[in-house]
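2 protein chains.
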Amino acid sequence: MQPGVCSSPRCPSASDSFPLSHLDPAECGSETSVDQQKQERAEFSTMSSVVSFYFSYLLCLCLGFVCVACVCYWNSQWRGGFAWDGSTLQFNWHPVLMVSGLVVLYGYGAVLYRVPLTWGQNKLPWKLLHAGVMLLCLVLSVLGLCAVFNFHNAKHTPNLYSLHSWIGICTTALFAMQWAVGVAGFLLPCSPMALRKLLKPVHVWMGASILSLSIVACISGINEKLFFVLRGNTTQAYASLPSEALFGNSLGVLLVVFGLVVLMILSNQKWQRPESRPEDMTYRPLLQEDN
Amino acid sequence: MQPGVCSSPRCPSASDSFPLSHLDPAECGSETSVDQQKQERAEFSTMSSVVSFYFSYLLCLCLGFVCVACVCYWNSQWRGGFAWDGSTLQFNWHPVLMVSGLVVLYGYGAVLYRVPLTWGQNKLPWKLLHAGVMLLCLVLSVLGLCAVFNFHNAKHTPNLYSLHSWIGICTTALFAMQWAVGVAGFLLPCSPMALRKLLKPVHVWMGASILSLSIVACISGINEKLFFVLRGNTTQAYASLPSEALFGNSLGVLLVVFGLVVLMILSNQKWQRPESRPEDMTYRPLLQEDN
Chain Y
491 MQPGVCSSPR
501 CPSASDSFPL
511 SHLDPAECGS
521 ETSVDQQKQE
531 RAEFSTMSSV
541 VSFYFSYLLC
551 LCLGFVCVAC
561 VCYWNSQWRG
571 GFAWDGSTLQ
581 FNWHPVLMVS
591 GLVVLYGYGA
601 VLYRVPLTWG
611 QNKLPWKLLH
621 AGVMLLCLVL
631 SVLGLCAVFN
641 FHNAKHTPNL
651 YSLHSWIGIC
661 TTALFAMQWA
671 VGVAGFLLPC
681 SPMALRKLLK
691 PVHVWMGASI
701 LSLSIVACIS
711 GINEKLFFVL
721 RGNTTQAYAS
731 LPSEALFGNS
741 LGVLLVVFGL
751 VVLMILSNQK
761 WQRPESRPED
771 MTYRPLLQED
781 N
Chain C
491 MQPGVCSSPR
501 CPSASDSFPL
511 SHLDPAECGS
521 ETSVDQQKQE
531 RAEFSTMSSV
541 VSFYFSYLLC
551 LCLGFVCVAC
561 VCYWNSQWRG
571 GFAWDGSTLQ
581 FNWHPVLMVS
591 GLVVLYGYGA
601 VLYRVPLTWG
611 QNKLPWKLLH
621 AGVMLLCLVL
631 SVLGLCAVFN
641 FHNAKHTPNL
651 YSLHSWIGIC
661 TTALFAMQWA
671 VGVAGFLLPC
681 SPMALRKLLK
691 PVHVWMGASI
701 LSLSIVACIS
711 GINEKLFFVL
721 RGNTTQAYAS
731 LPSEALFGNS
741 LGVLLVVFGL
751 VVLMILSNQK
761 WQRPESRPED
771 MTYRPLLQED
781 N
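Going down the list, the sequences are from chains Y and C.
Under the working numbering, the residue at position 108 of the first sequence is numbered 598, and the numbers go up by one with no gaps.
Under the working numbering, the residue at position 119 of the second sequence is numbered 609, and the numbers go up by one with no gaps.
Calculated from the structure, these hints are not laboratory results.
Careful: at least some of the hints might be erroneous.
Below, in silico cross-link-like pairs of lysine to any residue (SDA-like), each with a Cα-Cα straight-line distance of 20 Å or less [stated by the list, open to error]:
id, chain 1, residue 1, chain 2, residue 2
1, C, Lys645, Y, Arg721
2, Y, Lys760, C, Lys645
3, Y, Lys715, Y, Tyr563
Incomplete in silico selection of chain Y near chain C, CB under 10 Å [unchecked claim]:
id, residue
4, Tyr651
5, Leu688
6, Leu689
7, His693
8, Ser733
9, Asn739
10, Asn758
Here are the simulated distance ranges between beta carbons [to be verified]:
id, chain 1, residue 1, chain 2, residue 2, range
11, C, Val632, Y, Leu625, 44 to 50 Å
12, C, Glu765, Y, Leu650, 45 to 51 Å
13, C, Leu650, Y, Tyr563, 35 to 41 Å
Using N, Cα and C, we set each Cβ at its ideal position, and we do this for glycine too.
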């Protein structure tokens, strides 16, 4: 038997149920018991890696869902609910849309390529899904900005004066640029492979930075909102930590934990999608794809 | 000549002036012109990598210095200066010490291992310097917390109620844990090499996360402070963007840019210190070190 060529049923191929098996190329072609032990250890390590990925991914999904549920509950329970009429009820859409779009859905979209189940398949549909999810995030974020701009304009309050607003608007602008450059660089047929290779690490790094900036904007925004609305009588003052303050602070902590889990998934080298096959780097219309 | 053994003056060794040369092991042992061209390209790539590192490092140093200067200037120029008497002048130490310790000096300490000039030398003195700088950061941060606790206690204001304070105290606690685990794991002689290998990626990731959390705490803190102090008459209200507001917001943006530059340096694989030699992983007292 040639070294590196595997005929054993133990040896998984790239499209097998353990997609992380590419990480240890030494696991095939062994015939001695030492090599079999090595192979078993490699399979165990692969399996552990997949299990720990799915545990982190499930945690990410649950945390994101809880964050969206909490921000909706906060604004329904304590802030009077939602409307689109220039009142404070319109403002309430701002935190909901920014948390849902610029943090949670963005985080889900960012870790999409890390899901091992997608690795055996052609990359293009996943690229389109990634771009689609990110476009939805961008639309939600812009709607969230419209909510606060309309509210300010109706009250004749200046826009974009606080540090929170400066960070928030820069983050959304960076995100819009990132999306446009991403589509132009990775989806347009005229984009050369050399440019894609150059762009990829920048795109990944910029994506993680935008998520971090979103978290910065959210935390400063929640902190600012709680100081705004909880400055009445002593029992409701922020410093006396009424239930709304505890809930808002906990939402902030949850958002930070969600962001850290997403960044941990993104930064783990073992969980990165294997390098694309050359045919994935060139553009083919969706209908011509294998999958 | 054996492949991989280099006798050419073009071929740099690990301790040469281009310490990033370890990145391309194929650059030695070539005798044909094609190999020479490859070698020249590798040297050019190495040189570019070193130059771009030092450009980023200089940017990081300058941005950090400007951040510290700005936070000092803000509190001297607009907030009345400094004292340690329970008054608002004592509070003014809080932003100065947190920005200096938990962000700027922390950032400098985090990128210490990335400086190529240190790679040809024994790692232990740099480990001790890293631990020492981080201890200084921790002391400054704790002093910064003392400043705000004393101020609150003197005014009978509750401590730790805002989201800013929750994030800030968690960040400092995580940093203290990270420092203790770092010293126990990487400096104590009884720490086994297997544990060090396991700990290293967690330590690096946690270090980057703590810096991100520090930035989150700083931005929410500056935002909160500006809302607190600029709510007087209309010309000095935050919404009318007086000079203090513009200055404070700009400080916030600078801190974010500093954080992103540090995280970019930390995340760039090309700029990572080469793997330690086995003798660096075991403990030897400083006086016995080569350097």
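Hint check:
Only pairs whose Cα atoms come within 20 Å are accepted, and lysine 645(C) paired with arginine 721(Y) is accepted, the gap being roughly 17 Å. For the hint linking lysine 760(Y) to lysine 645(C), the alpha-carbon distance of about 52 Å lies beyond 20 Å, and the restraint is violated. Simply put, lysine 715(Y) and tyrosine 563(Y) have alpha-carbon atoms about 15 Å apart, close enough for the 20 Å limit, and the pair holds. Annotation: tyrosine 651(Y) was flagged as interfacial toward chain C, and the flag holds, the nearest CB pair being 5 Å apart, inside 10 Å.
With a cut of 10 Å, the hint placing leucine 688(Y) at the interface with chain C is violated, because the nearest CB-to-CB distance is about 13 Å. Proximity of leucine 689(Y) to chain C is violated relative to the hint, the smallest CB-CB distance being about 15 Å (cut-off 10 Å). A cut of 10 Å between beta carbons decides the hint on histidine 693(Y): the least distance to chain C is about 13 Å, and the hint is violated. The beta carbon of serine 733(Y) comes no nearer than 13 Å to any beta carbon in chain C, farther than 10 Å, and the hint placing it at the interface is violated.
For asparagine 739(Y), the interface hint holds, the least distance from its beta-carbon to any beta-carbon of chain C being 5 Å, beneath 10 Å. Interface hint status for asparagine 758(Y): upheld, as the beta-carbon distance to the closest one in chain C is roughly 8 Å, under 10 Å. Between valine 632(C) and leucine 625(Y) the beta carbon distance is about 46 Å. The supplied range of 44 to 50 Å therefore holds. A C-beta distance of roughly 48 Å is found between glutamate 765(C) and leucine 650(Y), which places it inside the suggested range of 45 to 51 Å.
Look at leucine 650(C) against tyrosine 563(Y): about 24 Å separates their beta carbons, and that is not inside 35 to 41 Å.
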